[in-house]
Amino acid sequence: MKHRYATVLLAGALLLGGCGTAKQAQPAQVTAAEAVVQAEGAHNATDVMYLQMMVAHHQQGLDMVRLAERKATRAEIRTLAQAIDVTQADEVKLMTGWLQQWSAPATVDHAPSAHADHGGLPATGDEEIAALKQAKGAAFETAFLNLFVAHQHNAVEMAQLETTKGSNAEAKAFAERVRASRADQIKQMLQLMNS
Amino acid sequence: MRRSIAYPLVVAGALGSTLVAASPALAHGYVSAPPSRQALCASGAVADCGAIQFEPQSVEAPKGQRSCNGGVAGFSVLADESRNWPAKAVGSKVTFTWVMTARHRTSNWEYFIGDKKVATVDGGNAQPDAVVTHNVDLSAFPGRQKVLAVWNIGDTPMAFYSCIDLNVGGSGGSGGTTPPTAPTTAPTTAPTTAPPTVKPTTAPITKAPAVPIAQPGAAWAPGVAYRTGDKVTYAGKTYQCRQSHSSIRSWEPSIYTLALWLPL
Chain V
46 MKHRYATVLL
56 AGALLLGGCG
66 TAKQAQPAQV
76 TAAEAVVQAE
86 GAHNATDVMY
96 LQMMVAHHQQ
106 GLDMVRLAER
116 KATRAEIRTL
126 AQAIDVTQAD
136 EVKLMTGWLQ
146 QWSAPATVDH
156 APSAHADHGG
166 LPATGDEEIA
176 ALKQAKGAAF
186 ETAFLNLFVA
196 HQHNAVEMAQ
206 LETTKGSNAE
216 AKAFAERVRA
226 SRADQIKQML
236 QLMNS
Chain C
34 MRRSIAYPLV
44 VAGALGSTLV
54 AASPALAHGY
64 VSAPPSRQAL
74 CASGAVADCG
84 AIQFEPQSVE
94 APKGQRSCNG
104 GVAGFSVLAD
114 ESRNWPAKAV
124 GSKVTFTWVM
134 TARHRTSNWE
144 YFIGDKKVAT
154 VDGGNAQPDA
164 VVTHNVDLSA
174 FPGRQKVLAV
184 WNIGDTPMAF
194 YSCIDLNVGG
204 SGGSGGTTPP
214 TAPTTAPTTA
224 PTTAPPTVKP
234 TTAPITKAPA
244 VPIAQPGAAW
254 APGVAYRTGD
264 KVTYAGKTYQ
274 CRQSHSSIRS
284 WEPSIYTLAL
294 WLPL
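So the sequence lines, in the order shown, correspond to chains V and C.
Quick note on numbering: the first sequence equals residues 46 to 240 in the numbering used here.
Quick note on numbering: the second sequence equals residues 34 to 297 in the numbering used here.
Excised from the complex, chain V in its bound form (with noise of 0.2 angstroms):
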């Protein structure tokens, strides 16, 4: 399993190479290259434990940009969802492939709401999902903001677990990177809300 997913990230990246030699690479070509980083050297259980926790959480911050693509009235917050979208999206692909390079499963065992209680594993709660999916006009933006906010503060926060406590060169280089652009979307988001 673990060879043949390389073989396919090699052909990924050979592709790559090929096409950007002559005419101008095509999107759909370039974004095949992102699996081409590969998390290399050693891991550890947080290493696990975030990417796993990482990916739960993305797929919901999916869902909740993708209701603001649609339904946000203001052109900015359109904008900032699509490249949240965008961006996570290719995160999301990152993150799977280093688990799969570990041989560890991509899903984590309970529903991401399931350690909220105590603080194992914060996440947006599926009610307020459902609840967000309902709501119009501006107070589909302030629920949305709000939510969102708290959903990249948990980001950061876990971010926080990786770099102190994770193990992986690469993994924690993307948990600072995740905590870097989480607190400039929470800045633009506060900045969206209250304007």
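If you're looking for bench data, these hints aren't it; they were derived computationally from the structure.
Cβ atoms here follow ideal geometry from the backbone N, Cα and C, with glycine treated the same way.
A hint or two may mislead.
Stated by the list, open to error - Computed from the model, here is a short list of chain C residues facing chain V with C-beta under 8 angstroms:
#, residue
1, Gln90
2, Thr134
3, Ser277
Since the structure of chain V is already known, use the hints to place chain C on it.
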């Protein structure tokens, strides 16, 4: 896996008891709208706040505090009245929105103006949602006010503190986060005419928010509104924007951001 999930809990417990700063572990909550002082720091509206700008949810201290920083030395900027905290214009009925990042069982929420308690909302010792809103009638307190909002945790001796500066009964609506009561005079913020689809490069720069518009072929920078098709240089290479966005840290062109930037 289940066992290792319990691991961060130990860390959170240790932090909670000793109040180690600079470690925004699994914490907590703050008032996002109308913007609390820590929200103003986190949004960049008030500069040079120190550590609180990265963890506005972490103003945790024993119950019974009455200062904006809860007495936490590392967050003393929040209690610094010389910072000229901007006051949000609101109606006389205000909707306060809390963002929760750890859904602690809740004793109650309390709101104070000066020494006077103006509202208490029972938490029923239950877990709150990730976002909680309270409607508080402040009609007896017109003009500029500093509201101290307190989230009292049900199963620990701790509380979380947020101060919100308001101009009550001013021209504004109810704090920007009211569900249906939206008298937020739309015209002022309405000219968001910029459609999601990108106009020609000569698009009128009508919306002039804080975000500058990209200059053709310039070096990538954070805090710039890039549109699909814009070209930037970064680390000696040229990239084309594939998805409009306002640039932030870690969204620079790289192998990790191919969804945003196409290497040319």
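Original post:
Against which earlier hints does the structure fall short, listed by number upward?
Top reply: none
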